[in-house]
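*Asks:* If you want the building blocks of each chain, they are given just below.
Number of protein chains: 2
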Amino acid sequence: MKHIIGCRCVRCGSIYPAAPDITICSCGGILDVLYDYDAVKSKLTKDILCARTDHTMWRYREILPIEEDTTPRGLRVGSSPLYDAPRLTDQLGIGRLYLKDDGLNPTGSLKDRASAMAVTKAAEAGYRTIGCSSTGNAASSLAGNAAAAGIATYIFVPARAPKGKIAQLMMFGAHLTVVDGSYEETYALSKAAIEKYGWYNRNAAVNPYLSEGKKTVALEIVEQLGFKAPDYVAVSVGDGCTVAGVYKGFYDMVQLSLCDRIPRIISVQAAGCCPINTAVMTGDGWIQQEENTYADSIAVGVPRNADKAISAIRDSGGIAVNVTDDEIRAAQRTLGKTVGVFGEPAGVAATAGLIKLCEQGVIERDATVVSIVTGNGLKDIDSAILSVGEPPHSQSDLAAFERLINDNKV
Amino acid sequence: MKHIIGCRCVRCGSIYPAAPDITICSCGGILDVLYDYDAVKSKLTKDILCARTDHTMWRYREILPIEEDTTPRGLRVGSSPLYDAPRLTDQLGIGRLYLKDDGLNPTGSLKDRASAMAVTKAAEAGYRTIGCSSTGNAASSLAGNAAAAGIATYIFVPARAPKGKIAQLMMFGAHLTVVDGSYEETYALSKAAIEKYGWYNRNAAVNPYLSEGKKTVALEIVEQLGFKAPDYVAVSVGDGCTVAGVYKGFYDMVQLSLCDRIPRIISVQAAGCCPINTAVMTGDGWIQQEENTYADSIAVGVPRNADKAISAIRDSGGIAVNVTDDEIRAAQRTLGKTVGVFGEPAGVAATAGLIKLCEQGVIERDATVVSIVTGNGLKDIDSAILSVGEPPHSQSDLAAFERLINDNKV
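Residue numbers (the working numbering), protein chains in the order written: chain A, 54 to 463; chain B, 54 to 463.
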């Protein structure tokens, strides 16, 4: 990979060659992929991008960590829509709001970007089996992308994972183990099993290439906005890998002179589980927290990518905001009604945080904001039903329906 | 609409002007939109299409029934992936199999193509409210696309509609009524209510523009195959509107010289509800049937688009095949494991039918086949869980996991 200098530890600064199955630094720090931006700059210009017919995440391959002759593997990931949201913009009283609906990726979440990368890197390194732990979305996206690539998966999920994600995993033929324990215990078991059996490691905690896959969401936002960055980008934060990827994508685009700045990151966590935001707010290091939120995908008490995430939020001049489960439920309904986007609880947390900041008057009235919806609401129907309640029933004659409508029950 | 000659009754041949809210012929027959192909031909060429940057269904607007100055409304519909499926191809022993995953449309089904059209036509005609009945997908796609467009919806679904679709409807803010009765009774109530309240009518049974929206799936297939048609296209058939649209799309492309033939349609219905296939097989007219299948989206005992559907299947030299619920469940698991595509039961029925025909030796060994997956498996998780069973649980220590793996339980 001539366009890559190496992988640098975000803690001690050591630099390693970018082997396809590299994990963490000997000091325990996570790694960041370093690009030779001068070499990439002439190969990835605005004109080149505009002329490109590949409408997947791989359209940015010059700034992705794969070999020049690698054929990307997995499903068709990326090019999710960026919706203009005029009614919600008015409601929030800001300049312009866009929703990036990453729940429309093949397995229904932004994690497909990381999993397509993992599957591609595993194939590059010659692995036939991949292992990971996940609260659900990383798992189902790995299982789907690996099935498409003909690669086996061993996957560990905590018992609280929603049924929709479990069903996906089983359908995709993953070797699935439901761990009777917390996410932290699930992660520890996956780590031990991956070491013992020698599988390719897709844990976002230790695999530096996954953030690189996730960053494509930011590359797309810049391109979809006509090579401009918004003033703010709102992101739901759990493990920290996604927000780190979002930052990295904007950072890359600035280095390549494809946009002029990195937007301020609005880091949104659940009030019941917010170790990263607490660290940002206090200026101290992060401390393990309990996982008290129904937004399962961001219920991560021990965030493995905290170092990268906290730096990303701070370096962007970002804002940390926590939201209650009720605020998440309200944002989910608002997004559905005003934009036609149905996100899962963790997926709409970013929008809940943005709504809260707008109500508090924190966001300037002329600001342009992109809110990323990280997962599809169909993954967690039971939560959705609880949020919206039961619909009215009617006998099949018009008179019965008219009574309902006259009573304002429909 | 200068490119449109009018709407012709498929039963009596009467031609009507293409008003945006036209429904059926005075004889009771359904209408088909007639294009002036000579006028369109110079405006929609291979070169023009290849240069186009609009990657939604509206990239084919010259052959769609909207005014030249109409701005399309709704969500970002279309450009669903066409996956090459090498492992399933080998398993089936045919030349080449592609899966068109239309479950990746914004609300998770092919019906988004019809609903985006309905919302656009309703806006053209100045309506502020749209009504429809549906087994679920038409409803949720209408609700989502209308929410994006700021248009109100009144929607009627039968009590058997899966929870996932109900949750979508509620999230999108539809005025929803669950009808305690069959789909036929639900349809009748929607018809009466639409007439009484004067809403725009999105019932695929009577709105000739919805097939036109659906046909874009075929336009895309032709373009994705490099302006070629496959030998066969497998379609799940319920009401008949989708298969009619698929035929129309290929027909258009042939008229425009953008492909050389219409593929033979493999019409797949559930063995427990197959009035259209029965008519095709017997050569008689269709007769109402009970709705005995768990594949809810194609459980239509009174198919309203039977006339168009039966003509489409016959005119293409098509094959009718019925599949049991068990065969649908098996196809769902096969698609997940070998292609990484998770379709809903009705959505994978087409593939179940194709598998059956291949096992029977009906499909030539060198044939190229496209199987359309019409809906996302996440819409019906309960059925999926029943199909795949419960996953194994483990304590969080490695020894417990090793026992599972040694016992072949993972």
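Don't take each hint at face value.
The list treats identical chains as interchangeable, and a pair is accepted whether it falls inside one copy or across any two copies.
[Claimed, not checked] Each computed EDC-like pair below joins lysine to aspartate or glutamate, with the alpha-carbon atoms no more than 20 Å apart:
#1 Lys216 <-> Asp435
#2 Lys409 <-> Asp378
#3 Lys244 <-> Asp450
#4 Lys462 <-> Asp233
#5 Lys249 <-> Glu455
#6 Lys390 <-> Asp378
#7 Lys244 <-> Glu455
#8 Lys244 <-> Glu115
#9 Lys55 <-> Asp435
#10 Lys99 <-> Asp360
#11 Lys390 <-> Glu237
#12 Lys409 <-> Asp419
#13 Lys94 <-> Glu417
#14 Lys281 <-> Asp100
#15 Lys249 <-> Asp74
#16 Lys249 <-> Asp450
These are calculated hints, taken from the structure and not from any lab test.
Only a predicted model underlies this, so the values are computations on that prediction, with no experimental measurement involved.
*Asks:* Which of the numbered hints above does this structure break?
*Replies:* Hints 8, 9, 10, 11, 13 not satisfied by this model.
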